[in-house]
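Below are the chains, spelled out letter by letter.
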Amino acid sequence: MRLPLIVTAVCVLVAVLALRSAPSQAPAGEARPFALQDTRGTPVTDRDLRGQVVVLYFGYTFCPDVCPGELGYLARVLHALGEDAQQLAPRFITVDPQRDTAAVLDGYVPLFHPRLQALTGSPEAIAAAATTFGVTFQRVRAPGTDYDLFDHTSTIFVLDRHGHAAGRLSSRDSIARSVATLREILHRP
Amino acid sequence: MNVLLLALLPVSLFAMEVTGAFARATAPGQTTGAVFLTLVNTGAATALTGASTPAAGRVELHTHQEDAQGVRRMRAIERIEVPATGSTVLVPGGHHLMLFNLTAPLTEGGTIALTLAFADQRTVTTTVPVRWAGATAADDAACCPH
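So the sequences go chain by chain: A and B. Positions in the first sequence are counted from 1; adding 20 to them yields the numbering used here. Positions in the second sequence are counted from 1; adding 1 to them yields the numbering used here.
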């Protein structure tokens, strides 16, 4: 006759323990692991950027319109954040390591913002990172041309301080809106 | 006799104006660049069919298409229409002039000479200022210290 009482007590105990261990934070997205390198060849993984809010854009420097436009938008947002920008890790990931050598990347990112850094890697590592973020990119050569272009998803991704997906920024949004979005993520525990 | 010949010239000969032109700064080693501008036409309908500049080996006309998944596709096009008594804009995200084989990096604060060719054999030469790499308009000052 005591069994149901014990079972009930155990269930209650388990429930209480489960509630106490549940983190009380805003819902976070999935983890976004990546294994890339900086322009010196030093490995940079998602874990290396924990503690900062990461803002990522995949692109290539041969692209003269969309990529500079998105990075320019990101630069404006970083500028508008003022001191808060110190807690962000803005990164440009090249999908074209063949043309985007370390020297080119080192000269490119400072054109936009002093905190913007480039990440690169092997084609396989970059493809893996792109897959993780759901970024589509494809090398194309239009008939009659002698150069490669990349058709690519153009999106600015945000990771919270724990490396989890925290949404996106759109250059169609006002600077103020993107600033507010980033400030909210910065203030999460 | 010469005065009579001048009177026979089409009015549209001097009717194309270029406004708001700018190029974006590039880094050493970058081989491509972009120029944006507005064409203001007070003459007959025509089309921009080509361009050249001493700053680049060649210039192509380009535009963008974005599919439903947000994938941008940039493609070369043969001509950009300019309506009669109207204007056509080449702005970020839309049409632009793409410069290939830059002879030197485009540096902010500098200028490049640009010659535009039109379907009616007109050409227009203009001086294009170079703005910061993320500029979206000709009057776009650099936002951030660098």
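Hints listed in this document are in silico derivations from the structure and should not be mistaken for laboratory results. It should be emphasised that the depicted structure is a prediction, and the values quoted were computed from it without experimental measurement. For each residue, glycine too, the CB sits at the ideal point set by N, CA and C. Worth double-checking, as some hints may not be accurate.
To be verified - Every beta carbon over 12 Å from chain B, so not counted as near; a handful from chain A, in silico:
1. GLY49
2. GLU50
3. ASP193
4. HIS207
To be verified - So the derived list for chain B, only partly shown, Cβ under 7 Å to chain A, looks like this:
5. THR126
6. ALA134
7. CYS144
Unchecked claim - Covered stretches of chain B (in silico footprint by chain A; criterion: 3 or more residues with CB under 8 Å from a CB of chain A, positions within the stretch not fixed):
8. 31–37
9. 45–55
10. 87–100
11. 112–123
Okay, the hints, checked on the actual structure:
Interface exclusion of A/GLY49 from chain B stands, the closest Cβ pair being 18 Å apart, more than 12 Å. Against the 12 Å criterion, A/GLU50 stays outside the reach of chain B, whose nearest CB is about 19 Å from its own CB. Even its closest Cβ contact with chain B, about 14 Å, leaves A/ASP193 beyond 12 Å, as expected for a residue assigned away from the interface. Separation of A/HIS207 from chain B is adequate, the least Cβ-Cβ distance of about 23 Å exceeding the 12 Å criterion.
For B/THR126, the interface hint is violated, since its Cβ never comes within 7 Å of a Cβ in chain A; the closest pair sits about 21 Å apart. With a least beta-carbon distance of about 4 Å to chain A, the hint placing B/ALA134 at the interface is held under the 7 Å criterion. Here the hint on B/CYS144 is kept, as its CB sits about 5 Å from the closest CB of chain A, short of 7 Å. Beta-carbon proximity to chain A at under 8 Å applies to 5 residues in the stretch 31–37 of chain B; the threshold of 3 is reached and the given coverage holds.
Counting residues of the stretch 45–55 of chain B whose CB lies closer than 8 Å to any CB of chain A gives 0, so the stated coverage by that chain is violated, three being the minimum. By the rule of at least three residues with a Cβ nearer than 8 Å to a Cβ of chain A, the coverage given for the stretch 87–100 of chain B holds, with 5 such residues. A stretch counts as covered by a chain when three or more of its residues have a beta carbon under 8 Å from one of that chain; for the stretch 112–123 of chain B and chain A the count is 0, and the coverage is violated.
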